[in-house]
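A.B. asks: Protein chains in written order, with full-length UniProt numbering: chain R, 1 to 317; chain D, 1 to 317.
No lab work stands behind these hints: they were computed from the structure.
Mixed in with the good hints there might be a few duds.
Pairs count within a copy or across copies, as identical chains cannot be separated in the list.
To be verified - Derived lysine to aspartate or glutamate pairs resembling DMTMM-like cross-links, with alpha carbons at most 20 Å apart:
1) Lys261 with Glu289
2) Lys261 with Glu238
3) Lys261 with Asp45
4) Lys261 with Glu119
5) Lys261 with Glu219
6) Lys261 with Asp38
7) Lys261 with Asp70
8) Lys261 with Asp309
9) Lys261 with Asp57
10) Lys261 with Asp157
11) Lys261 with Glu299
12) Lys261 with Glu29
Only a predicted model underlies this, so the values are computations on that prediction, with no experimental measurement involved.
The lines below spell out each chain.
Protein chains: 2
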Amino acid sequence: MIGLGLIGGSLLRAASAVGREAWGATASEADAQAAAADGFDVSTDVDAALRRAADQDALVVLAVPLTVVDEVLRTVGACAPRCLLTDVASVKSPVLRAARSFAPETRFVGGHPMAGTAESGWRAGNSALFGGAAWVACVEDDTDLAAWAEVARLALDVGAHVVPLTAAAHDEAAARISHLPHLLAAVLATVGAQGGPVPMALAAGSYTDGTRVAGTRPELVRAMTEGNREALLPVLDEALGRLGAMRGSLASTGGLAATIKAGYEGAQAFAQAREATPAGVRVNLAAPEARAGLRALGERGGRVTAITDETAIGEVA
Amino acid sequence: MIGLGLIGGSLLRAASAVGREAWGATASEADAQAAAADGFDVSTDVDAALRRAADQDALVVLAVPLTVVDEVLRTVGACAPRCLLTDVASVKSPVLRAARSFAPETRFVGGHPMAGTAESGWRAGNSALFGGAAWVACVEDDTDLAAWAEVARLALDVGAHVVPLTAAAHDEAAARISHLPHLLAAVLATVGAQGGPVPMALAAGSYTDGTRVAGTRPELVRAMTEGNREALLPVLDEALGRLGAMRGSLASTGGLAATIKAGYEGAQAFAQAREATPAGVRVNLAAPEARAGLRALGERGGRVTAITDETAIGEVA
Chain R
1 MIGLGLIGGS LLRAASAVGR EAWGATASEA DAQAAAADGF DVSTDVDAAL RRAADQDALV
61 VLAVPLTVVD EVLRTVGACA PRCLLTDVAS VKSPVLRAAR SFAPETRFVG GHPMAGTAES
121 GWRAGNSALF GGAAWVACVE DDTDLAAWAE VARLALDVGA HVVPLTAAAH DEAAARISHL
181 PHLLAAVLAT VGAQGGPVPM ALAAGSYTDG TRVAGTRPEL VRAMTEGNRE ALLPVLDEAL
241 GRLGAMRGSL ASTGGLAATI KAGYEGAQAF AQAREATPAG VRVNLAAPEA RAGLRALGER
301 GGRVTAITDE TAIGEVA
Chain D
1 MIGLGLIGGS LLRAASAVGR EAWGATASEA DAQAAAADGF DVSTDVDAAL RRAADQDALV
61 VLAVPLTVVD EVLRTVGACA PRCLLTDVAS VKSPVLRAAR SFAPETRFVG GHPMAGTAES
121 GWRAGNSALF GGAAWVACVE DDTDLAAWAE VARLALDVGA HVVPLTAAAH DEAAARISHL
181 PHLLAAVLAT VGAQGGPVPM ALAAGSYTDG TRVAGTRPEL VRAMTEGNRE ALLPVLDEAL
241 GRLGAMRGSL ASTGGLAATI KAGYEGAQAF AQAREATPAG VRVNLAAPEA RAGLRALGER
301 GGRVTAITDE TAIGEVA
């Protein structure tokens, strides 16, 4: 585990709790001391931790902020150049490009556990963080499926289910359901506060819900949104187009039926997607079409829930 | 109580629970039957209920959908033309105008309890709905302060605190912290669902929070947003301006620092407003400047927490 913040620290705890041999390193003295005090095998010597991983052919998990991924990947390229490697960053295409540039011989599988809180640092973590969460494990055309299965097993071991997607498909979806929500929450929190003390005094459920993630540390939000610029721009334009049409309708006819009906139907679609009864699916990881099979599962909203021998067992509604 | 849906039904229960004599009427057979089965004094004869209120000089509370307020106000004007009257609608200026047109001799005080759920109808109600909620009681230049105090006492009796504001100040604030959140949630729910099954499968906290109120009944959201068109348009333009600037910045420099920092500061301002230690304030309701004093309290984010004799006792941070 390289990085022992909220995600890395939770994963070190969770992996240890299920009996995996796991060790960590971080540039943060504070996180290293806190993790050591909790009895974990950690240090601030990232190079040494990577060399140990290379020696033991261990899975290396990069759980560092997106802003330092390039730098840490260079270190991986130097200290563990052919290691089994994954990451947990909230944007996947830039990390894939960086891994290909700076650690091209690693068996790299991009990953993203869709879990977290507004907190950060070792002390914010807990071994149950990934229970019930979706964990994207990327499948590109050149992905080593043995490496993919190793990453998926780790995610499954700590209680998540695995969603196989390309980095590009992940980033497009993340723009819609994570990055756009953060930006709308920021604008809502700004417009609310601009109104002075009266709106602050009257705010109730809709405002509290709509602004909750605006309290996230700004550097985290910047890293994920700015890092996903390519996928985020068209999604932002889609939202702006709908908001502009709504504004025009309110100004002209005074009617908002189309906007509100579409939103209600979207909310129903989301609720239905959560409640749908899934059917079982199996993907033979040794088959030539395995990558396409995994991606098709993810693209249909499905998930892998177990891996046995060479078969990924999943479900899709 | 005219109207026995979520708000009217909860208020009938809550007023009865604190020992007030209360009765209700509704055009909804279903709500009337359900309320009667629960032991309340209700009927479907709105005219008779209003005449009884006129006879006893009781406080009439209109808790009907905004779309039928005009019609019910005409009935009030006919059956209880000089009654003590309030309402609970989510937009205050249109109701004030309608009361002046259709029931001009009533002692009208606009009201809005900032409480509710996505549910509706008698069965969704409960007597604790208003506990801890802000309840706006409008103070216009011609407001009868004895009537205002009666409305405020009802709100205080059922567990709310009272925010004195003009209808216009309420509507401006409501646009920021209720109507804009509903419209942003609708657009987010639409853009999320437009992405197909992948975003629906990956959605977690930020999306769930940001779209929660998009599941509200569309006719309720239409009534409050379309009914507040005048105050909502400039607030919507403020949001669109910020979103457009953000889009431009992402497209050109790729930076979102300004948007995200402003949102974070807005979220901090909201948290601070909630945590601030208030100081006591008293407003003598018999003094000539009482209306100005009450409005100043509300405009500073303050609240009335008790009324004794002719004094409103409040607090403001």
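A.B. asks: Hint by hint, say whether it matches the structure.
C.D. replies: Verification of the supplied hints:
In the homo-oligomer, the alpha carbons of Lys261 and Glu289 never lie at most 20 Å apart, since the shortest distance is 41 Å inside one protomer and 46 Å across protomers. In this homomeric assembly, Lys261 and Glu238 come within 20 Å of each other (Cα to Cα) only inside a single copy, at 17 Å, whereas the closest approach across copies is 23 Å. Taking the closest pair of Cα atoms, Lys261 and Asp45 never come within 20 Å of each other, the shortest separation being 55 Å inside a single copy and 33 Å across copies. For the homomeric pair Lys261 and Glu119, the shortest alpha-carbon distance between copies (17 Å) is at most 20 Å, but the shortest distance inside one copy (35 Å) is not.
Taking CA atoms no more than 20 Å apart as the test, Lys261 paired with Glu219 passes between copies only; the shortest distance there is 9 Å, against 35 Å inside one copy. Neither within a single protomer nor between protomers do Lys261 and Asp38 lie at most 20 Å apart by alpha-carbon distance, with minima of 51 Å and 34 Å respectively. Taking the shortest alpha-carbon separations for Lys261 and Asp70, neither the intra-copy value of 44 Å nor the inter-copy value of 25 Å comes in at or below 20 Å. Taking CA atoms no more than 20 Å apart as the test, Lys261 paired with Asp309 passes in neither setting, with 47 Å inside one copy and 49 Å between copies.
In this assembly of identical chains, the alpha carbons of Lys261 and Asp57 never lie at most 20 Å apart, being 54 Å within a copy and 42 Å across copies at closest. With identical chains, the CA atoms of Lys261 and Asp157 are never at most 20 Å apart, being 41 Å at best within one copy and 37 Å at best between copies. In the homo-oligomer, the alpha carbons of Lys261 and Glu299 never lie at most 20 Å apart, since the shortest distance is 26 Å inside one protomer and 34 Å across protomers. In this assembly of identical chains, the alpha carbons of Lys261 and Glu29 never lie at most 20 Å apart, being 52 Å within a copy and 27 Å across copies at closest.
Going down the numbered hints, you'll see the structure goes against 1, 3, 6, 7, 8, 9, 10, 11 and 12, while the others check out.
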